[in-house]
Amino acid sequence: MSPLLLADLTVFTLGLLVGFEVISKVPATLHTPLMSGANAIHGVVLVGVMLLAASISTPAGYALLAVAAFFAAMNVAGGYVVTDRMLAMFRSRS
Amino acid sequence: MSGFDTVVHLIYLLCATAFVIGLHLMNAPATARRGNQVSAAGMGVAILTTLAVLIKGGQVDPWAAWALGLGATGGTAAGLIAARVVRMTAMPQLVSLFNAVGGGAAALIALGERPASTQAEVTGVLDVLIGALTFSGSLIASGKLAGRVPGRPIVVPYGRLISIGLAAVAAVTAVLVVGFDGGILALSGAAVAALAAGVLLTLPIGGADMPVVISLLNACTGTAVAMAGFVLESTPLIIAGALVGAAGAILTKLMADAMNRPISAIIAGGYGTGDAVAVAVGAGSAAVREITADDAAIQLAYAAKVMIVPGYGLAAAQAQHEAVALAQALTSHGVEVSYAIHPVAGRMPGHMNVLLAEANAPYEQLQDLEESNPAFPRTDVALVIGANDVTNPAARRPGNPVSGMPILDVDLARSVIVIKRSLGHGYAGIDNELYTDPRTAMLFADAKAGLNALLAGVSAYAK
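Going down the list, the protein sequences come from chains A and B.
Residues in the first sequence are numbered consecutively from 1, following the UniProt record's numbering.
Residues in the second sequence are numbered consecutively from 1, following the UniProt record's numbering.
Everything labelled a hint here was simulated from the structure, so no lab data went into it.
Hints are supplied without guarantee of correctness; some may be wrong.
[Unchecked claim] 20 angstroms max Cα-Cα, derived SDA-like pairs, lysine to any residue: (1) Lys253(B) with Arg93(A); (2) Lys305(B) with Arg93(A); (3) Lys25(A) with Val38(B).
Produce the complete structure using the sequences and hints provided.
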């Protein structure tokens with residue numbers, strides 16, 4: 001196993017543990033915005049699609065890249081906006 | 001590592017921190033919106049930083065730059081429009097759709113990237129398999145939630161055999177990719193098999209199980225994105241993917257627990273038709289007591305504490321605004337009102353809370369299972385609207401379809417009013433013993449009409 005893979009696995013495992021810890025404290029009232037907000041966070045896949053662009057140089061590759069960019073951008077933009085819309089509705093009694 | 005690379009890594013670390021802090025702030029309604037904004041800011045910085053990396057690297061050819069730019073612009077527009085116009089009742093299908101495209105993008109990354117190492121090959125296959133499965137699975141789930149695909153469980157002939165076949169194809173392609181440098185052809189085979197498996201897995205799952213399924217698919221997308229992070233050796237993807245994977249896993253478990261159904265049984269499907277054969281439980285066909293809207297309104301107006309118990313029937317009838325209007329009328333009349341919300345009172349985790357919040361219910365009044373159950377014994381009137389199985393006291397006894405399911409202890413309230421169109425069954429297909437309880441009165445009406453009648457009655461008495 002390469003040192004790089006070990007480092008990545010460490011980050012992944014700790015990320016999971018932090019996720020469990022932080023998210024188990026979210027009240028049931030907010031579970032829909034939580035899921036939607038978490039959904040938006042995996043929109044970071046757009047960063048991956050951008051990095052992928054550097055190694056694409058065929059027509060099929062361009063098509064794949066465009067579709068992937070469309071998907072990822074829709075995920076990230078829509079996800080954050082719709083989560084914000086929902087959370088704006090949660091108002092206090094005052 | 002050059003100075004530029006170091007700075008980029010530190011910025012990525014900052015973004016990951018923003019994601020974690022953002023999720024942490026979601027632990028209370030008062031700070032949740034700021035949390036989402038912190039997370040979004042982190043995302044924006046991550047994207048801009050990556051843009052800087054690409055520009056400095058100078059390796060993106062012009063066509064690829066155009067493809068990336070056009071795709072991202074189109075996707076952003078589509079996402080923004082969908083996010084702005086969606087109705088809150090349609091939220092589950094939109095979240096499912098965003099989940100689908102996220103998984104799809106993760107799978108496409110592994111299909112497009114030439115693996116540089118065995119690590120990249122292994123994680124690439126996993127990325128393609130999980131990403132493609134969650135893409136097609138979430139699309140079907142989204143279609144079911146939107147009513148474009150029939151919500152009832154669809155039994156595929158020889159479904160189990162086909163699933164085993166697809167798993168075999170996936171395994172073979174995985175071996176080809178990792179062991180024999182099978183490349184893009186084998187990866188595409190894996191993608192097709194996983195796409196088919198996603199459809200096959202989701203079709204047989206009924207509407208009642210949807211909260212579990214979309215949580216599970218959410219966890220899958222998180223994992224797929226983390227795998228894409230391994231392929232590209234990109235830490236932000238690994239961290240964000242792990243966070244989302246954890247979120248999805250927790251929600252899956254909470255939802256399955258709330259329905260008292262093992263996740264394996266949910267994936268096997270076939271539940272949630274709503275037309276199951278009635279099973280006689282206990283008193284069965286004992287007489288129920290009917291009440292008029294006027295009498296029910298008097299009872300509500302003279303109560304000190306009222307708990308409203310909304311179920312999916314309320315959302316289906318779009319009556320959440322009427323429910324909140326009634327609650328406001330009661331509150332201004334001096335009655336203490338709160339909502340007792342079961343975890344599966346909706347089509348996704350927490351859905352009912354969003355619908356009530358949209359209708360202007362203050363979040364202090366939204367109470368979950370643990371908060372509401374101790375409050376029922378000191379409640380004068382529990383008003384049940386469109387909730388069925390989650391209020392059935394039969395769940396406390398063994399030997400019936402709802403046994404062991406966590407329920408709202410509505411029957412412990414001093415009196416109960418149930419608004420319901422008929423004595424029909426819930427998903428579990430059994431009689432609800434709450435309806436024949438001597439303390440329960442049935443108001444036979446459509447949720448909207450019944451609530452309006454109650455509101456009129458309460459307003460008349462509150463003068």
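Exercise. Does the alpha-carbon distance linking Lys305(B) and Arg93(A) stay inside the 20 angstroms limit?
Worked result: Judged against 20 angstroms, a Cα distance of about 17 angstroms means the pair holds.
Exercise. Between Lys253(B) and Arg93(A), is the straight-line Cα distance small enough, at 20 angstroms or below?
Worked result: Judged against 20 angstroms, a Cα distance of about 31 angstroms means the pair is violated.
Exercise. Regarding the pair Lys25(A) and Val38(B), is the alpha-carbon distance no greater than 20 angstroms?
Worked result: 18 angstroms, holds
Violated hint: 1 only; the structure is consistent with all others.
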